[in-house]
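So the sequence shown is residues 1 to 144, counted in the numbering used here.
If you're looking for bench data, these hints aren't it; they were derived computationally from the structure. This structure is a prediction, so every number in the text was calculated from the model and none was measured. Hints are not guaranteed to be accurate.
[What the hints assert, rightly or not] Keeping only pairs whose Cα atoms sit at most 16 Å apart, straight-line, the calculated EDC-like set for lysine to aspartate or glutamate is:
(1) K76 - E59
(2) K42 - E59
(3) K76 - E91
(4) K63 - E106
(5) K63 - D79
[To be verified] Computed beta-carbon distance windows for the label pairs:
(6) N99 - A61: 17 to 25 Å
(7) L10 - G56: 52 to 60 Å
(8) E91 - T48: 18 to 26 Å
(9) V107 - P43: 31 to 39 Å
(10) K76 - S108: 33 to 41 Å
(11) G54 - V107: 26 to 34 Å
(12) F100 - S125: 42 to 50 Å
(13) E91 - G54: 14 to 22 Å
(14) T48 - E106: 34 to 42 Å
C-beta: ideal position from N, C-alpha, C; glycine also.
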Amino acid sequence: MGMWTSLALLSVAAVSTLSFPHPGPPIPEVGAGRRAQFYVLKPDGTFTYGYDTGNGLHETATKLESGDVEGEFGYKNVDGEDILLQYTAGEGGFVPRGNFLPQPVEVSASSQGSLSQYSAPARASPAPAPAAPVEIAEIRGGIP
């Protein structure tokens, strides 16, 4: 064989070894479950989008023709309970709804009267006059 033929065969052998796949890091296992994602944008500017990761995390939102947005999102808390927050957002601001949110306390009519003393404005009292005349001194001059 000629020198050029040997060199060509050696080059082909060297390059072909580079094309074999090399083992890389393992691909992580992905659990089975519902997974979905969607986004619909309409010509009038309204939209609907959402996703579900399959592990309890999900969100959907819809922009209405009025410009308001309605939606909800949910997740599982540390105890494994499903938390769902529904909301609207628009002229009235962001208004969330959910059974896990703090609720206002009901105040009975009988206790309302006793609470009114705490909500009454404080009476303004005049500032006390100084006991002796106050002399105000003014310092003039430069720094030596």
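Going down the list of hints, with the structure as the test:
{"no.": "1", "hint": "K76 - E59", "verdict": "13 Å, holds"}
{"no.": "2", "hint": "K42 - E59", "verdict": "19 Å, violated"}
{"no.": "3", "hint": "K76 - E91", "verdict": "30 Å, violated"}
{"no.": "4", "hint": "K63 - E106", "verdict": "34 Å, violated"}
{"no.": "5", "hint": "K63 - D79", "verdict": "33 Å, violated"}
{"no.": "6", "hint": "N99 - A61: 17 to 25 Å", "verdict": "20 Å, holds"}
{"no.": "7", "hint": "L10 - G56: 52 to 60 Å", "verdict": "58 Å, holds"}
{"no.": "8", "hint": "E91 - T48: 18 to 26 Å", "verdict": "20 Å, holds"}
{"no.": "9", "hint": "V107 - P43: 31 to 39 Å", "verdict": "51 Å, violated"}
{"no.": "10", "hint": "K76 - S108: 33 to 41 Å", "verdict": "37 Å, holds"}
{"no.": "11", "hint": "G54 - V107: 26 to 34 Å", "verdict": "45 Å, violated"}
{"no.": "12", "hint": "F100 - S125: 42 to 50 Å", "verdict": "46 Å, holds"}
{"no.": "13", "hint": "E91 - G54: 14 to 22 Å", "verdict": "36 Å, violated"}
{"no.": "14", "hint": "T48 - E106: 34 to 42 Å", "verdict": "38 Å, holds"}
In terms of the numbered hints stated before, the structure departs from hints 2, 3, 4, 5, 9, 11, 13, listed from lowest to highest.
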